[in-house]
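K.L.:
Using the sequences provided together with the hints, build the complete structure.
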Amino acid sequence: MEHLCFQVLSTSFFTPKPQIPVLLSPGAASIKSIHQYRYLYLKAMQDDKFSTPPCDESKVRVPHVLTVAGSDSGGGAGIQADIKACAARGVYCSTVITAVTAQNTVGVQGVNIVPEDFVAEQLRSVLSDMPPNVSILHHSTKIVLGENRHASVNWHSENPLSKSEGISPYKTALVVDPVMVSTSGHTLAGPSILDSFREELLPMADIVTPNLKEASALLGGVPLETIADMRSAAKAIHDIGPRNVLVKGGDLPASLDAVDVFYDGNDFYEFRSSRIMTPNTHGTGCTLASTVAAELAKGSQMLSAVKVAKRYVEAVLSYSKNIAIGGGCQGPMDHLLKLKSNIERRPFDPCDLFLYAVTDSRMNKKWGRSIVDAVKAAIEGGASIIQLREKEVETGDFLEAAKACLKICRVHGVPLLINDRIDVALASDADGVHIGQSDMPAHVARALLGPDKIIGVSCKTPEHAQQAWIDGADYIGSGGVYPTNTKENNKTIGLDGLKTVCVSSKLPVVAIGGIGMSNAQAVMRLGVPNLKGVAVVSALFDRECVMTETRKLLEVLKESTKIAK
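Heads up: the sequence shown is residues 1 to 565, going by full-length UniProt numbering.
Because the hints were derived from the structure by calculation, they are not lab data.
Treat the hints with care, as some may be off.
What the hints assert, rightly or not - Keeping only pairs whose Cα atoms sit at most 35 Å apart, straight-line, the calculated DSBU-like set for lysine-lysine is:
| hint | residue 1 | residue 2 |
| --- | --- | --- |
| 1 | K365 | K321 |
| 2 | K499 | K391 |
| 3 | K307 | K366 |
| 4 | K338 | K213 |
| 5 | K403 | K552 |
| 6 | K213 | K391 |
| 7 | K552 | K506 |
| 8 | K338 | K321 |
| 9 | K298 | K366 |
| 10 | K340 | K213 |
P.N.:
Put into C-alpha cells, the structure is as follows:
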C-alpha cells in the first residue's frame, strides 16, 4: 500500500488577510464522509465559540496552512513533508492526522487508519482556536476505502458568512494533488473513484497537479510520452473543470530535462529544469503541492506560485541528491537544505582563535597570489581560523573564491569567516562573519544568519564588548593593539587597552592590529584567560611565503603559551 499525499489550499486573493490553506486526507469508511467534514467546517465557521478572536494590531498575522493527511514514519512524505516544506517557505502549518503509517525507504510495512470521529475532533480543535479568516471557506478530504482503494474528494464554495452584513465574498483557491498511481505504476483508484475525481473534485479545483501516470489515469489510460502529449492532457483535464492544470513530466522518457506543462485555459507554459539523478525523491509530489499552497497563502498569483514551487523542489532535489538516509531505493529529501552543512560544520571553539589569519586583496595582488592560494598556504602553515577580507574584489568573484576557500577549510576542519559581507557569507555557506562597529549590528546579523553561525565583532572599549555580548556575538576582536597599515585612521588601544577590554568581556577575545613575530609573545603574556589568540594580516600575507611565515608565527605563539603557564 502506497503512502498518499493529498494537498488542498484555499486562500484569499485580497491582502492582508489571514489565510489557512487546507491539505486534507482523513481516513473514513465511505465517500459520504465528505458531507460530514463539510458540515463540520461550516459549523465551525458559523459557531460563536469558533469565531475569529479580536485582532491585536501589535501581533503579526502569518500565513497558515492546515494539512490533513497521513503520517510518514520515515519523514519523507505526508504530514512530515508538508510541515517541512511550509516551514522552508515561511508559512505556519497545523495538522490533522488521518493515518499513521509504518514505512521507511524500503517500503510501507503497515497502516493504521485514525478513526473518523477522532479526525473530526482534531479538525474541530484546530478550527476552534485558529480558524481561517471569516471570509474564506476551504476544504477537501481524501477517503481511504479498504486496503487498496483510495478516493480524494474536495470542494470549495463561497464563504458561508458572505451574506452577513459588511462581509464580501472572496474568491478561494483549491489546489489538488491527485495521488492515484503508485511509484511502481500500480493504480490505487478504481473506475468509480476516478469517476468521483472527474465529476466532483476536478470541477471545483483551481489547480490540479497530476504526474504523467495520474494524468493518464484521469483521461482513461491515454499514453503520455511527449511534451505534445502533456499539452494535450493538460487541455483535456482542464476541459473537465479545474481552472489550471500542471502536468508534471519528471518521468517523461523522451526528454533530457524535467519538463512540467502548465495550462491556465488560455496559454501553455513549460517549466524546464535539469534532470537530477538521485534516488532521494520520496515526497516530491507532496512537497510541490505544499509549496504551491504556501505561496498562494502568502498572496502569490497562481503562475507565480507554481514557478516558485518548481524552483524550490529543484533546489531541494539538487541539494539532497547525495545524502544517505536509509538503505532503500527511494530516500527522503532535505527540505531545509541544512543536513549536509551541519555534518560538515563543527561547533565554534574559542581555541580556533589561536592563529587567526585575515586575508588582504592588495597583498595577494602584490605577491601574485589568488585568494584561494593564500588561504591554502595559511592553513598548511597552521592557521586555526580564516577570515576573508577582500575589499577590492567584485562580488561575483568574491563569492566564487569564498566557495573554493570553504572547500579547503572544511577538509582541514578550519572555520571560514567573511569580513563584513553578510550576503557572501549566506551565499557561500561560510561558517560565519566578522563585523565592525560601523557595519550591520550583530543582532541583525544573527537574525539573518541563524543561531549556529559564528559572529565576531570588532571592539575597542568595554562598552563595545558588553554590547557584543548582548547582541549575541561569539567572540570579539580587540585592537588595534599596535599601529598598522592595513586600516586607515585606526586608533590604537595598546596592551593596556586590550587588557581592559578582555577583563570586561564575557566573550573570548582575539587581539588584532600590527601583531607579528616581534610582539606576539607580549600580547599573549597579558595573563587574561579569555584572550585566546592573535589575528594577523601583514605578518602572513605581505610575505613571499605565506606557509613559512605562518609556521614561524605558530611556533612563537606556542612558546608564549608555555611561558605564560
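K.L.:
Is the straight-line distance between the alpha-carbon of K307 and that of K366 35 Å or less?
P.N.:
With Cα atoms ~46 Å apart, K307 and K366 exceed 35 Å; violated.
K.L.:
Need the status of pair K365, K321: alpha-carbon distance at most 35 Å?
P.N.:
With Cα atoms ~38 Å apart, K365 and K321 exceed 35 Å; violated.
K.L.:
Take a quick look at whether K499 and K391 sit within 35 Å of each other, Cα to Cα.
P.N.:
holds, 30 Å
K.L.:
Is the hinted pair K340 and K213 satisfied, with a Cα-Cα distance of at most 35 Å?
P.N.:
holds, 33 Å
K.L.:
Does the structure keep K338 and K321 at a Cα separation of 35 Å or less?
P.N.:
holds, 13 Å
K.L.:
Would you mind confirming whether the straight-line C-alpha gap from K403 to K552 stays at or under 35 Å?
P.N.:
holds, 28 Å
K.L.:
K298 and K366 were given as a pair; does the straight-line alpha-carbon distance stay at or below 35 Å?
P.N.:
violated, 51 Å
K.L.:
Holds or violated: are the alpha carbons of K213 and K391 at most 35 Å from each other?
P.N.:
violated, 54 Å
K.L.:
Starting from K338, check that the Cα of K213 is at most 35 Å away, please.
P.N.:
holds, 32 Å
K.L.:
Run the distance test for K552 versus K506: straight-line Cα separation, threshold 35 Å.
P.N.:
holds, 31 Å
Consistency note: the structure conflicts with the earlier hints numbered 1, 3, 6 and 9.
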